[in-house]
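Using the hints, position chain H with the ligands against chain B.
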Amino acid sequence: MADVQNTTGATTAGSIEVGTAGAGAQLAGPGTGRSTVQQPIDARVAVKPSYDVDDFPVPHGREEDWRFTPLHRLGGLHDGSAASAARGEDKIELGLPEGVTAETVGRDDARLGKAGTPVDRVAAQAYSAFEQALVVTVPKDAVLTEPVKIDVHGEGGVNFAHLVVDVKPFAEAVVVLNHTGSGTRAANVELLVGDGAKLTFVSVQDWERDAVHVAQHNALVGRDASFKSVVVTFGGDLVRLHPRVNYAAPGGEAELFGLYFADAGQHLEHRLVIDHDTPHCRSNVAYKGALQGQDAHAVWVGDVLIRATALGTDTYELNRNLVLTDGARVDSIPNLEIETGEIVGAGHASATGRFDDEQLFYLQARGIPADEARRLVVRGFFAELVQQIGVAEIQDRLMEKIEAELEETVA
Amino acid sequence: MATLEIRDLHVSVEAENGPREILRGVDLTVKQGETHAIMGPNGSGKSTLAYSLAGHPKYTVTGGSVLLDGEDVLEMSVDERARAGVFLAMQYPVEVPGVSVSNFLRTAATAVRGEAPKLRLWVKEVKEAMASLQMDPAFAERNVNEGFSGGEKKRHEILQLELLKPKIAILDETDSGLDVDALRIVSEGINRVRSTGEVGTLLVTHYTRILRYIKPDYVHVFAGGRIVESGGAELADKLEEEGYESYVKGGASE
Ligand SMILES: Nc1ncnc2c1ncn2[C@@H]1O[C@H](COP(=O)(O)OP(=O)(O)OP(=O)(O)O)[C@@H](O)[C@H]1O
Ligand SMILES: [Mg+2]
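Sequences listed follow chains B and H, in order.
Note that UniProt numbering has the first sequence beginning at 1, numbered continuously upward.
Note that UniProt numbering has the second sequence beginning at 1, numbered continuously upward.
Bear in mind the hints are in silico, worked out from the structure with no lab data behind them.
Don't be surprised by glycine CBs; every beta carbon is placed ideally from N, CA and C.
Treat the hints with caution; some may be incorrect.
If you only want the chain H side, here are some residues facing chain B, beta carbon under 8 Å, derived [as the list claims (entries may be wrong)]: (1) A54; (2) V78; (3) D79; (4) A82; (5) R83; (6) L88; (7) Q91; (8) G98; (9) V99; (10) S100; (11) T107; (12) A108; (13) A111; (14) V112; (15) L164.
A short, non-exhaustive set of chain B residues, derived as facing chain H with CB atoms under 7 Å [to be verified]: (16) L112; (17) Y362; (18) V377.
Extracted from the complex, chain B is given alone in its bound form (with noise of 0.2 Å):
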């Protein structure tokens, strides 16, 4: 039976952390704190960013940062173990429009390692392991026209990988990430967006169902820059992302919209962080979820840093969950943490709801058969995010996608 708590939805508002069950699946044990009391995002994380796996200790599962995740289910990405296994292969295509350069270069190209550290064990054992980098350049004043397309087609093994994407100032673009395939996957992701350039990076997680993939994206924000990041996820066994942003200097604005579906068995994760230490910066947060089946898990953490230095930063973050069946389990946890009162605005919210019976029935006394209302549903659910996207190309495909994933699926 549902949960009475969720056919109605929990929403919450404000500083505080939620761990939503879905129906029939409470959170229970330690480490699922509902009500755990907030800690600043410094303290939570326990170890300094660093480039070395080595500076981090083997997780065990407790930690802030992977008590979510079930760290039997990394194919080792977490302890070592995958580092000293035989690598994979994986598939790169690349659409490079004109003017546009891709580079395949070495551990010590200069480029690398700007827009962030690795904040995790995996990501710093991705950094760790690599071995050639893939740099993307958008020239100075370049406004492409088309996408830059990198299709990353998994054959298998393990593969860490490391690109950056450089948009030079005054530029725009699109670039679009796609995951395909299978393996077991730790990946960082550079992101540098000039002084007045214009960067949407688009990462779709198409897995196959087997599919392990870990990655931290890095963006750093410049002047007057704005930055937008469409995070996808719909396939694979265990998808841990973790978009960061950071502003190198004053004006800049970042939107991170992502959209996720859990299917049964599935766990699909995402942590975000966002760091407010320049004046005049703005954030806008908003992922969507669908969960159905047993077991289907999706994690959300949204973490918001407004510092002392950055007077006149304008934030909102929101998460929103749609639980389709029993025995799906959420846990969304925003927080914003504001160390100065001189800013613009800050807020954010966290919902899970249920499509609920009596939903169902006035859909059906229409005369929709059951899934098909499921399907309409979850559809407007995510086409409300999709056309906030703004990249028509970028939507539709995203619409067909949804549209294929609720035919396989929701039945």
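This is chain H with the ligands only, laid out in the frame that chain B set:
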């Protein structure tokens, strides 16, 4: 000619202390073109009858039968009943976030008609139906029932009635929550559908005021989970004057 036959219908709900019987043997036949008013005091089971006919999962049929043109309605799923021609205008329409009215109406019409209506004709049809119910076209882009006022929700129900053209329309307290103007507009909508002669109407109401606009062929008094008296339109006048008191005493469900 479509006929809905309800025979000795018994329905229970799951209450805290076990199943509770709400409907205790309802007998009623509604033919296409006829209008039956079902009138009764609060809690007498009118909505239970309406929801049971539509197949709401909360209600368990424990006895009796419901046939639509000889077909067993109780065997059908909720959406099959709707496609077979049973329509329920709900007393409390449900909000469906994320689904726009226009998308919802088109999906419903496609399901009920068995094919997607031609887009140009459809747009015109919806526009006209909305205009005659004095609904702002902006409603088409809003989410189903989300933030609608009570009266707006009822207009939206009747809009669906007009577009889906059922064989049997069950209207549960469509008059409640409407001011005088809205009551007239909604009643005119119902009368437009009735005047086609193609629909059998089951008008569930607590008050007689809607009967000033919609003349029933039959009036049934509902009390204690069954029909306790049936008559013509004049029975409504009697109820208007005397209320339900005499029925409640005799047929109380407790
Ligand atoms: N889940 C339930 N548990 C116990 N009793 C219930 C439940 N659901 C409905 N009932 C009871 O069933 C009876 C009939 O309710 P119903 O809604 O059908 O009445 P109604 O005639 O439509 O009333 P109204 O005029 O107020 O709309 C009421 O006494 C109500 O309390
Ligand atoms: Mg009622």
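Going down the list of hints, with the structure as the test:
1. A54: 5 Å, holds
2. V78: At about 4 Å, which falls below the 8 Å cut-off, the nearest Cβ of chain B leaves the hint on V78 of chain H intact, so it holds.
3. D79: 4 Å, holds
4. A82: 4 Å, holds
5. R83: Since chain B brings a Cβ to about 5 Å from R83 of chain H, closer than 8 Å, the hint holds.
6. L88: Given a least distance of 6 Å, the restraint on L88 of chain H holds.
7. Q91: 12 Å, violated
8. G98: At about 3 Å, which falls below the 8 Å cut-off, the nearest Cβ of chain B leaves the hint on G98 of chain H intact, so it holds.
9. V99: 4 Å, holds
10. S100: Holds: closest Cβ of chain B sits about 7 Å from S100 of chain H, inside 8 Å.
11. T107: Where the cut-off is 8 Å and the nearest Cβ of chain B is about 6 Å from T107 of chain H, the hint holds.
12. A108: 4 Å, holds
13. A111: 4 Å, holds
14. V112: Given a least distance of 4 Å, the restraint on V112 of chain H holds.
15. L164: 7 Å, holds
16. L112: This interface hint is violated because 42 Å lies over the 7 Å limit.
17. Y362: Since chain H brings a Cβ to about 4 Å from Y362 of chain B, closer than 7 Å, the hint holds.
18. V377: V377 of chain B check passes; min Cβ-Cβ to chain H is 6 Å, inside 7 Å.
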